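Enquirer: Sequence:
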Amino acid sequence: GGSDFNPKGKSDMEVMRFCQSFMNELFRHIGPNTDVPAGDIGVGGREIGFLFGQYKKLVNEFTGVLTGKGINWGGSLIRREATGFGVAYFAEEMLKTKGMDFEGKKVALSGFGNVAWGVALKVTELGGKVVTVSGPDGFIYDPDGIKGEKIDYMLEMRASCRDRVQDYADKFKVKFEAGKRPWSVPVDVAIPCATENEISGEEAKMLVKNGCICVVEGANMPSTPEAIDVFQSAKILFAPGKAANAGGVAVSGLEMTQNSMRLSWTREEVDNKLKEIMRNIHATCVKYGKKGDYVDYVRGANIGGFIKVADAMIDQGVV
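Going by the numbering used here, the letters in the sequence shown line up with residues 6 to 324, in that order.
Treat the hints as calculated values from the structure; they're not laboratory data.
As the structure is a prediction and not an experimental result, all values here were calculated from the model.
Beta carbons: idealized from backbone N, C-alpha and C, even for Gly.
Fair warning: there could be bad hints in the mix.
Simulated crosslink set (DSS-like; lysine-lysine; CA at most 27 Å straight-line) [what the hints assert, rightly or not]:
#1 Lys155 x Lys313
#2 Lys295 x Lys155
#3 Lys111 x Lys210
#4 Lys110 x Lys313
#5 Lys178 x Lys111
#6 Lys214 x Lys180
#7 Lys111 x Lys240
#8 Lys247 x Lys103
#9 Lys292 x Lys313
#10 Lys278 x Lys103
#11 Lys110 x Lys13
#12 Lys101 x Lys313
#13 Lys101 x Lys13
#14 Lys295 x Lys13
#15 Lys280 x Lys313
#16 Lys295 x Lys240
If you anchor each label on the Cβ, the simulated ranges turn out as follows [to be verified]:
#17 Gly109 x Val324: 44 to 54 Å
#18 Val324 x Ile46: 16 to 26 Å
#19 Thr200 x Glu273: 26 to 36 Å
#20 Ser265 x Gly109: 34 to 44 Å
#21 Ser205 x Ser265: 35 to 45 Å
#22 Cys166 x Val254: 23 to 33 Å
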């Protein structure tokens, strides 16, 4: 489901009434074994709570029909960080194919929401240095690295609903570039985490020229076709979002599993399962995408996904 309702500037009651009305129709089309929606842009924990509450009223059941739920009523630990954590784990596996890791690597992120926040947390834990985040107003460059209280401040900025990263620059006295994207900054790894088509062909050329060795899509389709051509022609590591940002969906699945089993896993258990899932996805991409010394992750993800579905259809007599 989707809508053109903008929650920004609306009161909690207005958002609740919309969510309840929306679920009055949506509940017919979803279910734990039919379709399980999750949050996205404009839909966070508050909205999931309102939607889930109305679903329970309508069907009189407590089932894992929505993911991203609150921890106290069926949610999973690290669900909010999951997409970002998964992206970082996938990038780590990519770097390993070249005998490298995140230690000492400079990383450019775009966005400052849940995905960018999760990536910043995990990349920092793995030894990398995140030096940029961005918003609709521009981007900030922090050469000392975005870590500790600075990462926590990203959540405060998001909660303010101001869509401004200049607040970060003002607070921590770092460089702010108004109306620009962060792809001109020399980095080792670039991870776009904001919106579609945010890396153009020219920006891709700039990343390659400045020595970027790895681009991993945290958002959905953030690289234009021209940008992807540039990355692949330069033979740098490039991973499409359909593989790299699967961590959110993966932990949604783990949340459903916990709901079905009526138990709650620890943060470490969920994190370890997520890491293993991302390793397996990476292995599939390498299996089907390796061409000589280069791994075409787009090809690997496409072929791997196709074969999985095709084999299931053949086994079930669909074709």
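Enquirer: Against the earlier hints, flag every one the structure doesn't satisfy and list their numbers going up.
Expert: Of the numbered hints given earlier, those the structure breaks are 1, 2, 4, 11, 13, 14, 18, listed in rising order.
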